[in-house]
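A.B. asks: Heads up: the protein sequence lines correspond to chains A and B, in order.
The number in this note's numbering is simply the position in the first sequence, starting from 1, with 1043 added.
The number in this note's numbering is simply the position in the second sequence, starting from 1, with 1043 added.
One should not assume that every hint holds.
Given that identical chains are not distinguished, each listed pair holds provided it fits within a single copy or across any two copies.
Cut-off 20 Å, straight-line C-alpha distance, at most; resulting in silico cross-link-like pairs (EDC-like, lysine to aspartate or glutamate) [what the hints assert, rightly or not]:
| no. | residue 1 | residue 2 |
| --- | --- | --- |
| 1 | Lys1152 | Glu1094 |
| 2 | Lys1069 | Asp1079 |
| 3 | Lys1367 | Asp1176 |
| 4 | Lys1090 | Glu1048 |
| 5 | Lys1274 | Glu1143 |
| 6 | Lys1238 | Glu1201 |
| 7 | Lys1267 | Glu1128 |
| 8 | Lys1347 | Glu1094 |
| 9 | Lys1360 | Asp1387 |
| 10 | Lys1394 | Asp1063 |
| 11 | Lys1067 | Glu1094 |
| 12 | Lys1090 | Glu1068 |
| 13 | Lys1152 | Glu1271 |
| 14 | Lys1213 | Glu1201 |
| 15 | Lys1178 | Glu1346 |
No lab work stands behind these hints, which were simulated from the structure alone.
Number of protein chains: 2
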Amino acid sequence: MKTPEEILNECNRDLSYHHDQSVKEKLQELIDYIDDSVDGDGYGNGKYIQEFEEEIADLFGKESAVFMPSGTMAQQISLRIWCDELGTSNVTFHPGSHLEFAEFNAYQKLHNLKRIPLGMPELFENKIATASDFKNIKEKLGVILLEIPQRTIGQLNEWGDLVEISEYAKENNIKLHLDGARIWESQPYYGKSFKEIGELFDSIYVSFYKGLNNFNGAMLMGPKKFIEESKVWQRRHGGNLRTQFPYVISAKMAIEKNLPRIPLYVNKAREIAEILNSHDLIAVTPEVPPTNLFNVIIQAPLEKVKETNLAIADKHKIWLFSLKQAFVDKWSQAEINVGESALDLDLDEFKIIMDEFVQLLKQ
Amino acid sequence: MKTPEEILNECNRDLSYHHDQSVKEKLQELIDYIDDSVDGDGYGNGKYIQEFEEEIADLFGKESAVFMPSGTMAQQISLRIWCDELGTSNVTFHPGSHLEFAEFNAYQKLHNLKRIPLGMPELFENKIATASDFKNIKEKLGVILLEIPQRTIGQLNEWGDLVEISEYAKENNIKLHLDGARIWESQPYYGKSFKEIGELFDSIYVSFYKGLNNFNGAMLMGPKKFIEESKVWQRRHGGNLRTQFPYVISAKMAIEKNLPRIPLYVNKAREIAEILNSHDLIAVTPEVPPTNLFNVIIQAPLEKVKETNLAIADKHKIWLFSLKQAFVDKWSQAEINVGESALDLDLDEFKIIMDEFVQLLKQ
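Can you build the whole structure from these sequences, using the hints too?
C.D. replies: Set out below in structure tokens:
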């Protein structure tokens, strides 16, 4: 009998993310993309990296930008600089933020920053933070960090709400920082330019590897003075690397080749979500995903759903769900990030596969 | 007239470091080096990266190792973990340490650690810290960080002194950390194995890009529990990257191809130093370099020496010195790191070039 890993490895498509490439293919793609004029950066200096920084800063209408190895680094730095400037250590963000669950509370342990809670965490289990939540905070605040979409629940603030938060922050001398790990995937929902989105924020972090599928890397943007100070903190974090050229080249390639394809992912995500939602044992949230990201609740126990997922994978060579237990013990859950891999999935075939999946589940 | 940059770019050899490669050549070399079995790591997980970590840990006789983006990150993490374990924030190292001059005091700003001075900084301007210096410290110490060689002055502790420091640290429950940025280049002097060197230290950082000439990256080594905790701090620093495969592959290639060549660099450095030292206007320190790294003092004003360096570069296509002003106002100084680039330099030709250099200087 095959192991789950063997079955996964035999799959040639996936509901989430992008086509697998070998390490050799990834490196060859970089070589094919660049011409001989590309210079490798040294400790952040170099023509190619600096032109790319300017390109992304311009895209979001920001004065300056710096390429960093990770968003974890970029966002802590942003919070720290704004808080130092404003003479406070108080920041706030959704309890489902990356800073709260994925970084071992580095903002506290490295930067002595404190998160002012928005209220009982239960209130935010399936709800984003909106203008009224921020206005309810009574303490002096340095920074509001807003993640769009809030990854854990796939929801995002409506445009009018974003504008209201931005105005409130300005009036109250609070800095507004965008956790734009998936802002590329959110832009089609707003139908606004990245510059119009960027205007609402004092500083912005974007990632190049989630929707855009580069190797690794992030960009932090903001006023020139803020970015100059960011470079000091980047060095302190150990992120002013000898060179980052493989990441920079793959990021630039991703912006050119993959950014125009993001609206296709979002459309496909809605079509896939609709088919999933049509089954009585399956619920999708958000029901109509505003981005390419959504969660699937399957009303059956984890072991049973995993087994079904493997049977389908073995037969149809498609990996549907990377599963965990849902909030309700006897149900299962999976996050879907529609990317290149699901783009050429035939929806009629997918309907047949899902009918089979649900039939197997009921056996 | 050519600009200094144009003259530098026309040089095809250099007293320091390695042959220039284009970005395409660097990437192609990786592709040629690997076979199809190499997997790209994901957030530090993967067969290739983990086997490489084990390989380097074994080389130094350590239980465990973790690949990190930079030494700046690795060393702060090491100091922090040992200090937390010992319940102190006191560390000590040479005032010329990378932590003191190149990291914007991150060990203080991020980790609230304090450096206990070894004495007046002037005492250490051309002297490493030895066992007696450490024994003179009266306060409780968490960690002694020892850089071998102390980069700013190119000197290193004698073997017996190292053993004495290691024994003193053990007896007094002080952790001994090796800043091994250039330990590869120091090993020929000791004539000991990396394992014998490693035994003296509780934790070790090594770099892959200085003498070894990989793209970027570092390894932190120590007991298993220490490395597990290091990974937590690596994530906090924003250094647990989506992937590091270009760095890991180039590091492994550097260990295989370039590490065996380090003794050649050290020998060549001594030969070059001897020729430089034979001129009355030039002094080399250390006089007989224990590693491939030494400083050159040229007893002439900076502008004059720069001009002479450019004239020689333009004529002989060799870049001798990257210059700065020496401690004595009217003298000049350059650091030399002998690497691949100087290896095939003909010493008879070099003597002629240096005679010409000194003649020009005297005009």
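A.B. asks: Each hint should be assessed against the structure and marked as holding or not.
C.D. replies: Tested hints:
1. Lys1152 - Glu1094: neither (34 Å within a copy, 31 Å between copies)
2. Lys1069 - Asp1079: both (18 Å within a copy, 12 Å between copies)
3. Lys1367 - Asp1176: neither (30 Å within a copy, 56 Å between copies)
4. Lys1090 - Glu1048: Between copies, since 14 Å is at most 20 Å while 43 Å is not.
5. Lys1274 - Glu1143: between (24 Å within a copy, 17 Å between copies)
6. Lys1238 - Glu1201: Intra 17 Å, inter 60 Å, cutoff 20 Å: intra-copy only.
7. Lys1267 - Glu1128: within (14 Å within a copy, 40 Å between copies)
8. Lys1347 - Glu1094: For Lys1347 and Glu1094, the Cα distance exceeds 20 Å both inside one copy (52 Å) and across copies (35 Å).
9. Lys1360 - Asp1387: Within one copy only: 14 Å inside, 56 Å across.
10. Lys1394 - Asp1063: neither (24 Å within a copy, 56 Å between copies)
11. Lys1067 - Glu1094: This pair counts as between: shortest inter-copy Cα distance 19 Å, intra-copy 27 Å.
12. Lys1090 - Glu1068: Close across copies (18 Å), not inside one copy (26 Å); limit 20 Å.
13. Lys1152 - Glu1271: Answer is between: at 17 Å across copies they meet the 20 Å cutoff, but 24 Å inside does not.
14. Lys1213 - Glu1201: within (19 Å within a copy, 61 Å between copies)
15. Lys1178 - Glu1346: neither (44 Å within a copy, 61 Å between copies)
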